[in-house]
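> Here is how the chains run, residue by residue.
There are 2 protein chains.
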Amino acid sequence: MPDHAHIISSYQALLGAEHVVTRPDDLAAAETATFATRARIPAILRPADRDEVRACVRLAGELGCALYPISRGKNWGLGSRVPTRDGALLLDLGRLDRIVEYNEEMAYVTLEPGVSFGQLTKFLREQVSSLMMDGIGGPPDASIIGNTVERGHGMGPWADRFSNVCGAEVVLPDGSVIHTGFKSFPNSRVSALSRWGVGPSLDSLFTQSNLGIVTSITLWLQPRPASLQPFVLRMSSGAQLSAAVEASRRLRLSRMPVGLRFLNDFRLFSVFYPCPWADDDLRSLDERRREMQQQGGIGLWNGVGVIHAPSREIGAALRSHVEALFRPHVDEVVFEAPSRQQPVDGAASIGGYSLESPFDSVFSGGTSDGALRMCYWRKRPDQTTEQGIHSDSCGVLWYCPTLPARGADVSLAVAMMDEISAEYGFEPNIGLISSTERTLEVTGAILFDRDRPGEDERALVCHDKLMGTLTAAGFTPYRLGVQSMGLFEGLEEGAMALLRRLKAALDPQDILAPGRYDSRRGRKE
Amino acid sequence: MPDHAHIISSYQALLGAEHVVTRPDDLAAAETATFATRARIPAILRPADRDEVRACVRLAGELGCALYPISRGKNWGLGSRVPTRDGALLLDLGRLDRIVEYNEEMAYVTLEPGVSFGQLTKFLREQVSSLMMDGIGGPPDASIIGNTVERGHGMGPWADRFSNVCGAEVVLPDGSVIHTGFKSFPNSRVSALSRWGVGPSLDSLFTQSNLGIVTSITLWLQPRPASLQPFVLRMSSGAQLSAAVEASRRLRLSRMPVGLRFLNDFRLFSVFYPCPWADDDLRSLDERRREMQQQGGIGLWNGVGVIHAPSREIGAALRSHVEALFRPHVDEVVFEAPSRQQPVDGAASIGGYSLESPFDSVFSGGTSDGALRMCYWRKRPDQTTEQGIHSDSCGVLWYCPTLPARGADVSLAVAMMDEISAEYGFEPNIGLISSTERTLEVTGAILFDRDRPGEDERALVCHDKLMGTLTAAGFTPYRLGVQSMGLFEGLEEGAMALLRRLKAALDPQDILAPGRYDSRRGRKE
Chain A
1 MPDHAHIISS
11 YQALLGAEHV
21 VTRPDDLAAA
31 ETATFATRAR
41 IPAILRPADR
51 DEVRACVRLA
61 GELGCALYPI
71 SRGKNWGLGS
81 RVPTRDGALL
91 LDLGRLDRIV
101 EYNEEMAYVT
111 LEPGVSFGQL
121 TKFLREQVSS
131 LMMDGIGGPP
141 DASIIGNTVE
151 RGHGMGPWAD
161 RFSNVCGAEV
171 VLPDGSVIHT
181 GFKSFPNSRV
191 SALSRWGVGP
201 SLDSLFTQSN
211 LGIVTSITLW
221 LQPRPASLQP
231 FVLRMSSGAQ
241 LSAAVEASRR
251 LRLSRMPVGL
261 RFLNDFRLFS
271 VFYPCPWADD
281 DLRSLDERRR
291 EMQQQGGIGL
301 WNGVGVIHAP
311 SREIGAALRS
321 HVEALFRPHV
331 DEVVFEAPSR
341 QQPVDGAASI
351 GGYSLESPFD
361 SVFSGGTSDG
371 ALRMCYWRKR
381 PDQTTEQGIH
391 SDSCGVLWYC
401 PTLPARGADV
411 SLAVAMMDEI
421 SAEYGFEPNI
431 GLISSTERTL
441 EVTGAILFDR
451 DRPGEDERAL
461 VCHDKLMGTL
471 TAAGFTPYRL
481 GVQSMGLFEG
491 LEEGAMALLR
501 RLKAALDPQD
511 ILAPGRYDSR
521 RGRKE
Chain B
526 MPDHAHIISS
536 YQALLGAEHV
546 VTRPDDLAAA
556 ETATFATRAR
566 IPAILRPADR
576 DEVRACVRLA
586 GELGCALYPI
596 SRGKNWGLGS
606 RVPTRDGALL
616 LDLGRLDRIV
626 EYNEEMAYVT
636 LEPGVSFGQL
646 TKFLREQVSS
656 LMMDGIGGPP
666 DASIIGNTVE
676 RGHGMGPWAD
686 RFSNVCGAEV
696 VLPDGSVIHT
706 GFKSFPNSRV
716 SALSRWGVGP
726 SLDSLFTQSN
736 LGIVTSITLW
746 LQPRPASLQP
756 FVLRMSSGAQ
766 LSAAVEASRR
776 LRLSRMPVGL
786 RFLNDFRLFS
796 VFYPCPWADD
806 DLRSLDERRR
816 EMQQQGGIGL
826 WNGVGVIHAP
836 SREIGAALRS
846 HVEALFRPHV
856 DEVVFEAPSR
866 QQPVDGAASI
876 GGYSLESPFD
886 SVFSGGTSDG
896 ALRMCYWRKR
906 PDQTTEQGIH
916 SDSCGVLWYC
926 PTLPARGADV
936 SLAVAMMDEI
946 SAEYGFEPNI
956 GLISSTERTL
966 EVTGAILFDR
976 DRPGEDERAL
986 VCHDKLMGTL
996 TAAGFTPYRL
1006 GVQSMGLFEG
1016 LEEGAMALLR
1026 RLKAALDPQD
1036 ILAPGRYDSR
1046 RGRKE
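Which chain is which? The protein sequence lines are A and B, in order.
Residue numbering for the first sequence follows the numbering used here, starting at 1 and increasing by one per position.
Residue numbering for the second sequence follows the numbering used here, starting at 526 and increasing by one per position.
One thing to keep in mind: the hints can contain errors.
A partial selection of chain B residues facing chain A, derived with a Cβ cut-off under 10 Å [to be verified]:
#1 685
#2 711
#3 712
#4 717
#5 977
#6 1029
Bear in mind the hints are in silico, worked out from the structure with no lab data behind them.
Model, not experiment: these values are computed from the prediction.
Don't be surprised by glycine CBs; every beta carbon is placed ideally from N, CA and C.
Work the whole structure out from these sequences, hints included.
This is how it looks when you write it as structure tokens:
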């Protein structure tokens, strides 16, 4: 049994008392996710820099306590700041918020875990930069490194964010520091420019992992394209979605810089509207759903995409190509020249989405509070303080299976998601991100009101049924919430044994984020 | 001291005597690279399948001997089949030559290490496939997996081959088998479709590595584009090269599917012509060089590229864009419609390169014997049997620094390569591959005649001077020959220590390829 008082006083001596948070309110807030969790946090450590991170890790080894690192803790719907297991000290990297290097010529930025998407957007604006990042659908104050090491998504053509970084600096569980790729050669001119380096390539070891703490990384940026054209596809049936998925695969396999996601009606409702039936039973749902589709100009399924092109001519040709690919299969393909995107009366001007729509800003490399608005979908206006989704008891659970970008697979998976969501009384709230050429990654949301009795339990049961059913059907998850690490047990025995050997080699005391993308299987307790 | 007779008889019992090669001629051939090497090979093991590979590895653990795996052993200029250290048994994976799965709809092929580029090209032709691979500049009988795990290059837009694979099957040094990415979930529908999987991502651990043996991998293929346009840039000065490099970075940062490499005059001479001064001293070299440039329509530097586009309109717009980018900076930008590429009298029809040019076939996903021809550059016709570059004593040493795709860096590095090559009496023979958006990877060749006294030594000294000088200047190598593993010592101490811990965790007996992308530093011998 660890001696918490001794642990805390030791960390106070190391970091200064003001950077070891133990106020009950603060700890309770950190123990609050957007769904029911149980893990308790004895203290929050707030190191100032990399060397303090190293000292924190070394001290944990001496004291025999566990640390749970977070970047900025915005892992909403997947656990927020709550550790995978009880009793770990939260290692909050938010004070490491420097933009370490910015290189416009070579189009990259090197940053620390405390740097948020909003901070980088602001920085690039201040620099009058010609560069943009691939935006995020999540909250603007989310950490870029947090999103990257969890292998989160961008919104545009380079949605696979981890494929667009290099050169991580990592603090290992013994407090040593390594660099990955060419950054491990101290004098290299290509440290920030290329990914693999020479010899075994290590950076992917530290994503979705508890093997090290990433204290900086280089994020590649893109020159703002001469032509940036958002577009919308509107579909009124699952059959249209299937056909559009087939077309999207052909488009993505051509490697044209096109970003695309498919969102169902409920996803868009939840971003744009309050829920009109939060207090009703759901019998009139089908009718209201159709009304809202019509009012909002929203399809049963909606493609939301963006074309990047380095010249107007290429942009025009690519637009024609996209139109030709999708037009035969969907109700509408909507492009609007930016000059004509005047928001009329707050209403839609591009396929149902106003200029102030979240999609506009995120497609231009910015951020949006759309994700925040989603979280309030099931809250009654009189219940909300807008002081934060956690204190407002917003219920959000994401589920994250991976689908082949193939019509038949998508139909099957969507039918499962529709059916299981309905079984538990939740709307299916589904996004499908074309983050690779051959797959669609599901961002499925269960939105609920944590203040309503029974909802916490029902939502978790629904989540587990969804993930269990989809995983069993071969739609393997690409990311796990803190409550879902058990799905990791589905890994084949050989790979699991290898991960155990790696963990034992790097973190024999199990100091770092025990249980995170890890397994108890075969572990001696 | 290992008991070779016992080791060999044990392997004969395991694999059958016919698959344990011990004939002195065969061993001598396997000990022969395209430069001087010393490592001796006691026997060549030829397992039939994955399970025999596992048995070979387990037996090595029991017997305490080392194994050096090769796929097809075509690592020309970097060591061919010769192990990094003396005394390892060669584990020849050439009999594992199955194309395990082919999926046209989802555009991939899963294959074993014995499958060559030529074999896949033939297979795709037989299938009347709509798909193509990114070709290779190296020999057609090279292994696709061998090239991939060494992180070799394609010729087209997806030149970074390792970024276009997923789902490795790996035999670990203890004989266990693991799969990487989603393939580690036995029932996954996305095993062959996406890269990272869930949890720490492991496949890059097994590239440029001695941590495991890759026994199969999925290679992503591309639909043949509606528009495939090779083009050539001709440059008459280093200043033009610098400007073209700047333009190429802007092009690549836009992520348009364009493949591009820069080749100097000597690289093209060596592919197309015999060397006219092999027996001369080099005093008249400058004059002859200019003559050959003029005769062949070859620039001091030459860009050789290809545009892929999913429609003719996009292709036309992209061609205009490429022309506008490069035209102001180079002597010539040459595109030719394929229908007009009639080879005239064996002469050039597209910017100096005939239809039968190696570039034509490799840009269409095929292979070429251009690399073979290069190897004979310094051989007199009466000395060659064309029975193979090794028996013909062709001298080839590659050097592989990485350059920022920035004019000033390229000028500096090229000056170093020119000067050091000349100092040792070799022509600078340089290719620069645009394999990432921000870097150019050098394929520098020292071509010589191993039959001429002193050449072996001189070539190695020149190579080491080149790599040492370039590495010290920050142009870090992206790949190492068997004779150059010492450059790995430049790695920072932290990363090196981590690699040692990984090696100790996975291969405590140092069975697999000892010394390959590895270090003796800090190792107990």
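> All hints are to be evaluated individually against the structure, with a verdict given for each.
A quick look at each hint next to the structure:
no.: 1; hint: 685; verdict: 8 Å, holds
no.: 2; hint: 711; verdict: 6 Å, holds
no.: 3; hint: 712; verdict: 5 Å, holds
no.: 4; hint: 717; verdict: 8 Å, holds
no.: 5; hint: 977; verdict: 32 Å, violated
no.: 6; hint: 1029; verdict: 7 Å, holds
Comparing the model with each numbered hint stated earlier shows that hint 5 is the single one that does not hold.
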